[in-house]
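Model the full assembly from the supplied sequences, consistent with the hints where possible.
Chains as they are written, first to last, in my numbering: chain Y, 1 to 159; chain W, 1 to 159; chain F, 1 to 159.
By construction, these hints were calculated from the structure, which means they are not laboratory data.
It does not matter which identical chain is used: a pair holds within one copy or between any two.
As a list, the in silico DSS-like pairs of lysine-lysine whose alpha-carbon atoms are at most 27 Å apart:
| no. | residue 1 | residue 2 |
| --- | --- | --- |
| 1 | K154 | K30 |
| 2 | K30 | K151 |
| 3 | K46 | K64 |
| 4 | K30 | K46 |
| 5 | K46 | K59 |
Fair warning: this is a prediction, and the values are worked out from it, not measured in the lab.
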Amino acid sequence: RRGEMAKSTQLIDNEVFRAYATYAGIVLIKMMLMSLITAYFRITRKAFVNPEDTESFGKGENAKKYLRTDPDVERARRVHLNDLENIVPFVGIGLLYALSGPELSTALLHFRIFAGARILHTFAYLIPLPQPSRGLSWAVGYSVTFSMAYKVLKTAWLL
Amino acid sequence: RRGEMAKSTQLIDNEVFRAYATYAGIVLIKMMLMSLITAYFRITRKAFVNPEDTESFGKGENAKKYLRTDPDVERARRVHLNDLENIVPFVGIGLLYALSGPELSTALLHFRIFAGARILHTFAYLIPLPQPSRGLSWAVGYSVTFSMAYKVLKTAWLL
Amino acid sequence: RRGEMAKSTQLIDNEVFRAYATYAGIVLIKMMLMSLITAYFRITRKAFVNPEDTESFGKGENAKKYLRTDPDVERARRVHLNDLENIVPFVGIGLLYALSGPELSTALLHFRIFAGARILHTFAYLIPLPQPSRGLSWAVGYSVTFSMAYKVLKTAWLL
Numbered sequence: 001r002r003g004e005m006a007k008s009t010q011l012i013d014n015e016v017f018r019a020y021a022t023y024a025g026i027v028l029i030k031m032m033l034m035s036l037i038t039a040y041f042r043i044t045r046k047a048f049v050n051p052e053d054t055e056s057f058g059k060g061e062n063a064k065k066y067l068r069t070d071p072d073v074e075r076a077r078r079v080h081l082n083d084l085e086n087i088v089p090f091v092g093i094g095l096l097y098a099l100s101g102p103e104l105s106t107a108l109l110h111f112r113i114f115a116g117a118r119i120l121h122t123f124a125y126l127i128p129l130p131q132p133s134r135g136l137s138w139a140v141g142y143s144v145t146f147s148m149a150y151k152v153l154k155t156a157w158l159l
Numbered sequence: 001r002r003g004e005m006a007k008s009t010q011l012i013d014n015e016v017f018r019a020y021a022t023y024a025g026i027v028l029i030k031m032m033l034m035s036l037i038t039a040y041f042r043i044t045r046k047a048f049v050n051p052e053d054t055e056s057f058g059k060g061e062n063a064k065k066y067l068r069t070d071p072d073v074e075r076a077r078r079v080h081l082n083d084l085e086n087i088v089p090f091v092g093i094g095l096l097y098a099l100s101g102p103e104l105s106t107a108l109l110h111f112r113i114f115a116g117a118r119i120l121h122t123f124a125y126l127i128p129l130p131q132p133s134r135g136l137s138w139a140v141g142y143s144v145t146f147s148m149a150y151k152v153l154k155t156a157w158l159l
Numbered sequence: 001r002r003g004e005m006a007k008s009t010q011l012i013d014n015e016v017f018r019a020y021a022t023y024a025g026i027v028l029i030k031m032m033l034m035s036l037i038t039a040y041f042r043i044t045r046k047a048f049v050n051p052e053d054t055e056s057f058g059k060g061e062n063a064k065k066y067l068r069t070d071p072d073v074e075r076a077r078r079v080h081l082n083d084l085e086n087i088v089p090f091v092g093i094g095l096l097y098a099l100s101g102p103e104l105s106t107a108l109l110h111f112r113i114f115a116g117a118r119i120l121h122t123f124a125y126l127i128p129l130p131q132p133s134r135g136l137s138w139a140v141g142y143s144v145t146f147s148m149a150y151k152v153l154k155t156a157w158l159l
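As structure tokens, this is what we get:
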């Protein structure tokens, strides 16, 4: 397997890069699952935003009553937006971090804490757990990304 | 041209990576065009959200009446947000996929189907076409990204 | 320091890539700071969206009155979303651009103008400055990203 990959590029043979690819893949999949959770709430709560989505419920007023907001749908959408605001910077900064030559153990520590914190954040937000569980899990992921950004800027700095 | 690039990095000489760069560029440009479509609807429908944007329409109540929502503006904004939720994961996972050593023909199949599905999705959402055209085009792009993520995790897995 | 990095990958030794890493890091950090600005306005204006966030203010109706929107909070959220719509494409296209073999001086020109324009855009949006300051700073960053995308597609084109 490694031989086949070496033909195209050596980057994936680097252990830090492989760890990055694994965790970036996991948190991006986690973020994408929010689409399914939002769709699940839209369908079970019958709360839609596009008129064309309610046409199967009938015509006119009968369909229009399903064009409404629902607290569970809105909550799932907020989790998704929060993921965009936090996971996307992690994926961008994490790539540069993985290319900046960190120790494998240090890199794994960053990636594992970030992924764990974001998974906790999703549960804390969706259930919801009492604060400060959501706030703390958010702050942990945020701090990990800043720590990686510091290493990137220290290594690459060329203004 | 290839000689000049080889001086800086060989990555762009890899055919799978070139295909990735082409399709990632195309779908990111498509996503960015949503800003112009939203701006077009805001101006033609005179529906703004920032008070400073309506000052050219006069002072006081005359300007305030343009601080309102419009169905076409909101629809364009939803397309843009849906692009962020789907095109951004494609760009991140697609990069790792391109570096994981897929066959060029398999990679092109993934990239072409994704780009086609997202362009169809935009038309299905904006016109709008009756469902399930928007739902199906969304699901196709979503599945392609998952297929790439599976290949990335299978190749890189280092937890 | 360079010796240690060379062990893992040579990419970070490329000057254009180092410049990209620096500016991508800066604009991603700038984007992430919007979370803190939104949180600051939510706390000082006492305007929250999640019931669990207002529980420290008391029970029942006393806490419910803080579940409201506030103009400053909404403005900060719009800046954050605008950053997602513009900085994320810059980071994706900029990476491909950095790997497409541009001259260092040309690349620095693109990165510096983009970063400057987005920092100006944030101030123009938050203060807010009269239009067209926000519109112009947005358009400058947008144009820089298109210029980079053009170079990427010209270099990599493989459909």
